[in-house]
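Engineer: Residue-level listing of the chains:
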Amino acid sequence: MKILPRIGFWLLVILIGVFALFPLYYAIISSFRSGAALFTIAYLPERFDVSNYIAVFDRQPFGQNILNSIIVAGSVVAISLSLGMTAAYAFGRIAFRGRALLLMTILAVSMFPQVAVLSGMFELIRSLGLYNTLPGLILANLMLTLPFTIWVLTTFMRELPKEIEEAAFVDGATPWIVVRRVFLPLMAPAAVTTGLLAFIVSWNEFLFALTFTLTNERRTVPPAIALMTGSTAYELPWGTIMAASVIVTVPIIGLVLVFQRKIVAGLTAGAVKG
Amino acid sequence: MPRLIASLGLAAGILASTNAWAVEISISCSALGKEYEICKQGVDAWAKKTGNTVKIVSTPNSATERLALYQQLLAAGASDIDVFQIDVVWTGILADHLMDLSAKGQADIDDHLPAMVETSRVNGKLMAMPWFADAGLLYYRQDLLDKYKRPVPQTWADLTETARMIQDGERKEGRGDFWGYVWQGRAYEGLTTNALEWVASFGGGTIVDEKGDVTIENPKAAEALKAAAGWVGTVTPEGVLNYTEEESRGVFQSGNAAFMRNWPYAWALAQGADSTIKGKVSIAPLPKGGTDGRHAGTLGGQLLAVSKYSKNADAATDLVLNLTGQQEQKRRAVEGSFNPTIVALYSDADIARANPFIGDLVDVFTNAVARPATATGQTYNKVSTEFFNAVHQVLSKRSEPAQALNRLDRDLKRIKRDGWK
Amino acid sequence: MTSAVAQADAPVLQQARGRRSSLTRSRLRSAWLFIAPSLIILALIAGWPLARTIWFSFTDADLNNLSDYEFIGFENYLASYDGEWLGLLTDPDWWQSVWNTVWFTLVSVSIETVLGIVVALILNAAFPGRGLMRAIILIPWAIPTIVSAKMWNWMLHDQFGVINDMLLRVGLIAAPVTWTANADTALWAAVAVDVWKHTSFMALLILAALQMLPQDIYEAAKVDGVSPTRVFFRITLPLIKPALLVAVIFRSLDALRVFDLIYVLTSNSRDTASMSIYARQQLVDFQEVGLGSAASTLIFLIIALIVVITLAAGRVRLGEDPR
Numbered sequence: 001m002k003i004l005p006r007i008g009f010w011l012l013v014i015l016i017g018v019f020a021l022f023p024l025y026y027a028i029i030s031s032f033r034s035g036a037a038l039f040t041i042a043y044l045p046e047r048f049d050v051s052n053y054i055a056v057f058d059r060q061p062f063g064q065n066i067l068n069s070i071i072v073a074g075s076v077v078a079i080s081l082s083l084g085m086t087a088a089y090a091f092g093r094i095a096f097r098g099r100a101l102l103l104m105t106i107l108a109v110s111m112f113p114q115v116a117v118l119s120g121m122f123e124l125i126r127s128l129g130l131y132n133t134l135p136g137l138i139l140a141n142l143m144l145t146l147p148f149t150i151w152v153l154t155t156f157m158r159e160l161p162k163e164i165e166e167a168a169f170v171d172g173a174t175p176w177i178v179v180r181r182v183f184l185p186l187m188a189p190a191a192v193t194t195g196l197l198a199f200i201v202s203w204n205e206f207l208f209a210l211t212f213t214l215t216n217e218r219r220t221v222p223p224a225i226a227l228m229t230g231s232t233a234y235e236l237p238w239g240t241i242m243a244a245s246v247i248v249t250v251p252i253i254g255l256v257l258v259f260q261r262k263i264v265a266g267l268t269a270g271a272v273k274g
Numbered sequence: 001m002p003r004l005i006a007s008l009g010l011a012a013g014i015l016a017s018t019n020a021w022a023v024e025i026s027i028s029c030s031a032l033g034k035e036y037e038i039c040k041q042g043v044d045a046w047a048k049k050t051g052n053t054v055k056i057v058s059t060p061n062s063a064t065e066r067l068a069l070y071q072q073l074l075a076a077g078a079s080d081i082d083v084f085q086i087d088v089v090w091t092g093i094l095a096d097h098l099m100d101l102s103a104k105g106q107a108d109i110d111d112h113l114p115a116m117v118e119t120s121r122v123n124g125k126l127m128a129m130p131w132f133a134d135a136g137l138l139y140y141r142q143d144l145l146d147k148y149k150r151p152v153p154q155t156w157a158d159l160t161e162t163a164r165m166i167q168d169g170e171r172k173e174g175r176g177d178f179w180g181y182v183w184q185g186r187a188y189e190g191l192t193t194n195a196l197e198w199v200a201s202f203g204g205g206t207i208v209d210e211k212g213d214v215t216i217e218n219p220k221a222a223e224a225l226k227a228a229a230g231w232v233g234t235v236t237p238e239g240v241l242n243y244t245e246e247e248s249r250g251v252f253q254s255g256n257a258a259f260m261r262n263w264p265y266a267w268a269l270a271q272g273a274d275s276t277i278k279g280k281v282s283i284a285p286l287p288k289g290g291t292d293g294r295h296a297g298t299l300g301g302q303l304l305a306v307s308k309y310s311k312n313a314d315a316a317t318d319l320v321l322n323l324t325g326q327q328e329q330k331r332r333a334v335e336g337s338f339n340p341t342i343v344a345l346y347s348d349a350d351i352a353r354a355n356p357f358i359g360d361l362v363d364v365f366t367n368a369v370a371r372p373a374t375a376t377g378q379t380y381n382k383v384s385t386e387f388f389n390a391v392h393q394v395l396s397k398r399s400e401p402a403q404a405l406n407r408l409d410r411d412l413k414r415i416k417r418d419g420w421k
Numbered sequence: 001m002t003s004a005v006a007q008a009d010a011p012v013l014q015q016a017r018g019r020r021s022s023l024t025r026s027r028l029r030s031a032w033l034f035i036a037p038s039l040i041i042l043a044l045i046a047g048w049p050l051a052r053t054i055w056f057s058f059t060d061a062d063l064n065n066l067s068d069y070e071f072i073g074f075e076n077y078l079a080s081y082d083g084e085w086l087g088l089l090t091d092p093d094w095w096q097s098v099w100n101t102v103w104f105t106l107v108s109v110s111i112e113t114v115l116g117i118v119v120a121l122i123l124n125a126a127f128p129g130r131g132l133m134r135a136i137i138l139i140p141w142a143i144p145t146i147v148s149a150k151m152w153n154w155m156l157h158d159q160f161g162v163i164n165d166m167l168l169r170v171g172l173i174a175a176p177v178t179w180t181a182n183a184d185t186a187l188w189a190a191v192a193v194d195v196w197k198h199t200s201f202m203a204l205l206i207l208a209a210l211q212m213l214p215q216d217i218y219e220a221a222k223v224d225g226v227s228p229t230r231v232f233f234r235i236t237l238p239l240i241k242p243a244l245l246v247a248v249i250f251r252s253l254d255a256l257r258v259f260d261l262i263y264v265l266t267s268n269s270r271d272t273a274s275m276s277i278y279a280r281q282q283l284v285d286f287q288e289v290g291l292g293s294a295a296s297t298l299i300f301l302i303i304a305l306i307v308v309i310t311l312a313a314g315r316v317r318l319g320e321d322p323r
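Residue numbers (UniProt numbering), protein chains in the order written: chain A, 1 to 274; chain B, 1 to 421; chain C, 1 to 323.
Don't take every hint at face value.
To be verified - Derived DSS-like pairs: lysine-lysine, alpha-carbon spacing no greater than 27 angstroms straight-line: (1) B/Lys413 / B/Lys104; (2) B/Lys397 / B/Lys125; (3) B/Lys40 / B/Lys104; (4) B/Lys172 / B/Lys147; (5) A/Lys2 / C/Lys222; (6) A/Lys2 / C/Lys241.
It should be emphasised that the hints constitute simulated quantities derived from the structure, not laboratory data. Every value quoted in this text rests on a predicted model; they were computed, and no experiment measured them.
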C-alpha cells in the first residue's frame, strides 16, 4: 500500500481512539483524586490513591449492584435474542398477511417517551407483584430491547440469499430446525452485535431501575451510582462516582473482547457459505 | 399467689403490647456519607428505645428526581415508605398523600421557627414536622476585603462595586480568571431561590403574596432583575447561567471569586483541610436591595412527613416526633452541623461550640423569605418554573426585565385561573 | 439485483410447486407460532401503559389522584375559553421543544451516520489492534448516560473545564467559552456528546452488515480494477442500505426522545428543552397527567410521522421478500 493513505489511515484510527477514550481517561484520573482537586485541571495522574475505589464498595453493596446488572442485562439479552431470532425468521423469511403492519406496531412501542409509560408500567409491575425484584426489571427492559432486536435481526435475515433454506425444506426439515441449524450460524455476527447493543441498553437503563426498585440490594448499577451522594446535600462525590464508572466500564470492555472471536468466527462461516 | 398471677398477667400484657408495637418502619433519608450516618444513628436510637426496626431507603440526590420518585410511589398508594423526608416547598404538592399531624404535633410545634412551621402547614393543617433549616448566605473572602480595605457589603450596590474593584485588582495582578461574584443561575429551582432573594431584598414581594395574589409585576422586582442581569458578564462569569450549587462552590473554593451566594453546607467544605481558601472565608446575610431594602435569604430545609398509606402510622408518627424533637435536633446540630428548627437550640452552648457561626444564623433564619409554596399549593412547581424561566431569559439578555415580568404576570394569572388548587 | 436472483430461482420454484402448498401452510402456521411469544410479551408490557397514556391524554387526570378524572375530549390539545385559544397546540414552549428536538436529531444522527460508516469501514479493514479498537469505540456507550452527561458537564465547565483548557492551550479559542450556559452553543454541546456516545451504535450495526456481505463481489471488482471509492458507492452502500436504515431509524427514535443528556448538560431553560423534557415537566413536575399524556401522544405521532417519511424515502417495503 502507498505510504500516504497508510499514514492517513492510522491518524484517523488514533483520532477516533482519542475522542472515544479521553473521557474515560479523564474519569480514571479523577477517580484517584478527591475533595477540592475536583476543581482543578490535571492531565496526568499525580498520585495513585485507591480510597475512592474502596469507598465505592464500602458504602453500599456495589458488588451486589454489579451482579444485579449482569443478571438483568444477561437475561434481557437471552430473552430478546431467542424471541427476536424466531420472530425475525417469521418476519424476514415467510410471506404472510399483515407483516408490515405488525412490524410497524412493534416499532411503535419505541416511539413513546419513557417517562410516559413509566406510570402505567409501575402499576403493571406492582399488580404482578414484581415491584423491587429483578424479574420486574427484566420485564420492563424487554420493552426497550425487544423491538430493536426484532427489527435488526429481521433486516439481516432478509438479506440472506433465498436458496439457503430451500434445500433444507426439500430435505423435510421443520422451520424450527431450519432456524436453529441453518440461520443461527449464519446470523452469528448480527446476533452477537445485536445482543451486545441490547446488553448495553439494559446495562445503562436508569429510569425503570430507579422507579421499580426500592432497596439498595436490588438496585442495578446506574441508580446505585446516581444515588451516591456527598457527605452533605449539595456536595458531589465526584471521585467516588468516577471510580464506580471506571469499575462498571471494565465488564463491558471484557465482554467485547470475549465476543471478538464470535464475531470473527461468524464472519468466516458466512464467507464460506456465501 | 394472686400477686404472681397478676404480675405474670402484667408481664404478658407488656409483652403483647410490645409485640403489637414491634413493626418495621421505612424512612427515606439521604443515602450516603455523613448525612446517612447521622440519620442512621438517630433512627437506630429510636428503634432501640421502642423495639421496632427501621429501614432506611436511599433516594436520589437530585431534588427533582426525589420528588418524582415520591410522587410515583404515593400516586400508586404504595406503603413501601412510611416516613418521607421532604423539601419545604413540597408540602402543598404532596399534601393529599400525607397524614395530618395536627393533633400529635400540637405539643411541640410552637418551639419551631415560625417560618419553618408555616412551610409545614397546608390549609391550616400540620402535614409535616420541621427537621432542619437552610437559608441563602453570602460567603466572602475576608483576606481580599482586608487587602482592598472594603467593608462587608450591606447593599447589592455595595457588593457590585466591591466585587468589581477586587476583580479588577486581582486581574491586574495576572489572575485572568478571577471573578467578583458567583451564584446559581441555571434554570432550576435554585434560580428561583436566588432570584427571590434579589426581588424580596428590593421590597418587590414574593412572586405571589400570602393571599394568593400575583404580585411579581412591580418596579422593584424589575429593578432587582436589572441589577442581577448587570452582573452577568461583568462581575459574574456568563457560565453562571448553567451553575448549580457545586459549580459556584467550585469557582469560589478554588480561590477564583470574591463573593458567593450559597447554602450553609459550603461552609464546612470551604474550611476543609484541602481547601485553598481555608481560614480566609466568612459569612454574612445577603445584601439589602437598597438602604430601604431588607436582608433576605430564601428559606430552605427539610421536613419529615408520614405517608397516608403507611400501615404503621402510629409508630411512624412517633418516629417523626422523635427525630424532630429537641434532643435529636441538638445531636444532629452538634455532630452533623444540621441547623435546628427549634429556636431554643440557637442559644445552646454545646451547639455554639461545635458551630461558631450558629448565632449569626438565627437572624438569617428568622428573617428568611419563604417561597410562595403555601399560597400556591399544588401548583407551586408551575409557578416556580415560570418564574425561573422568566428570570433566566432576563439574565441571558433575551428579554428586558419589565417585558419578562409582564409575560410572567400573565402566565401566572393563567395558571391561577384554575385556582391555585 | 433482486430480480436477477428471483429469475434464477424461477425453475426451482416451479419444480417444487407441488410440495410447496403444504409447505407454505406449515410455514405460515409456524410464522404465527414464532411471532406469538414476542407479541404477547410486548402486548403485556407495553400495551397497557401505552393505551393508558393515550386514554389519559383525553382526560384532566392529575398525578395526585389518578382514579378521579373526567373525559374532556381534545381540550388538552386545543380548546377555546372565552375566545382565547389554549392547549398544547397553542403553547409556544411546546413548539420550541419540538424544534429543538428535531434540530438535535437531524444534526446528531447525520453526523453519527457519516462517522459511523467511517468507523465501521476502518474496523472492517484488517489491521493489528482491530479487536482492541472495537472495544475502545464501545466504551463511550458503556458508561451510563447518567454519569457521562455529568462528566461532560464538568469537562465543559467554563471555569475549570478541561475542554476550554485544552482549546486555550492549543490556541483555538482566546477566552473560555460558556458551552452549556449559552442556548446557542448548548445544543451543539449536546450534539457533540451524543455523537461521542452513540457513533459506536451506528458503527457496530454497519460493521455487522459489512461482515455479512458476500466476498466474491469484492474480488470481482478488484479483478476489474474498480476504484475503492466507486466500490463503496456502487456496491457497499447499496448492499448495507437496509441495515443502515434500521440503524438510522433506531438512532432517530432515541434522539427524538432525548431526555437525560439535554436535561443534565444544558441550562435546562425553555430555550433548550426537548420534547421529552417538556412531557416530563407536565407529567411529573406539574402533575398534569392529562396534559403530559397529550404531549407524549403528540411525541408519538411526530415520531411516527418521521419514521414513515424515512421509510418511504429509503424505499423500504416492510412486506418485501428475501432476495
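Engineer: Each hint should be assessed against the structure and marked as holding or not.
Structural biologist: Results of checking the hints against the structure:
no. : hint                : in the structure
1   : B/Lys413 / B/Lys104 : violated, 37 angstroms
2   : B/Lys397 / B/Lys125 : violated, 42 angstroms
3   : B/Lys40 / B/Lys104  : holds, 24 angstroms
4   : B/Lys172 / B/Lys147 : holds, 14 angstroms
5   : A/Lys2 / C/Lys222   : holds, 17 angstroms
6   : A/Lys2 / C/Lys241   : violated, 30 angstroms
Violated hints, listed in ascending order, are 1, 2 and 6; each of the other numbered hints is respected by the structure.
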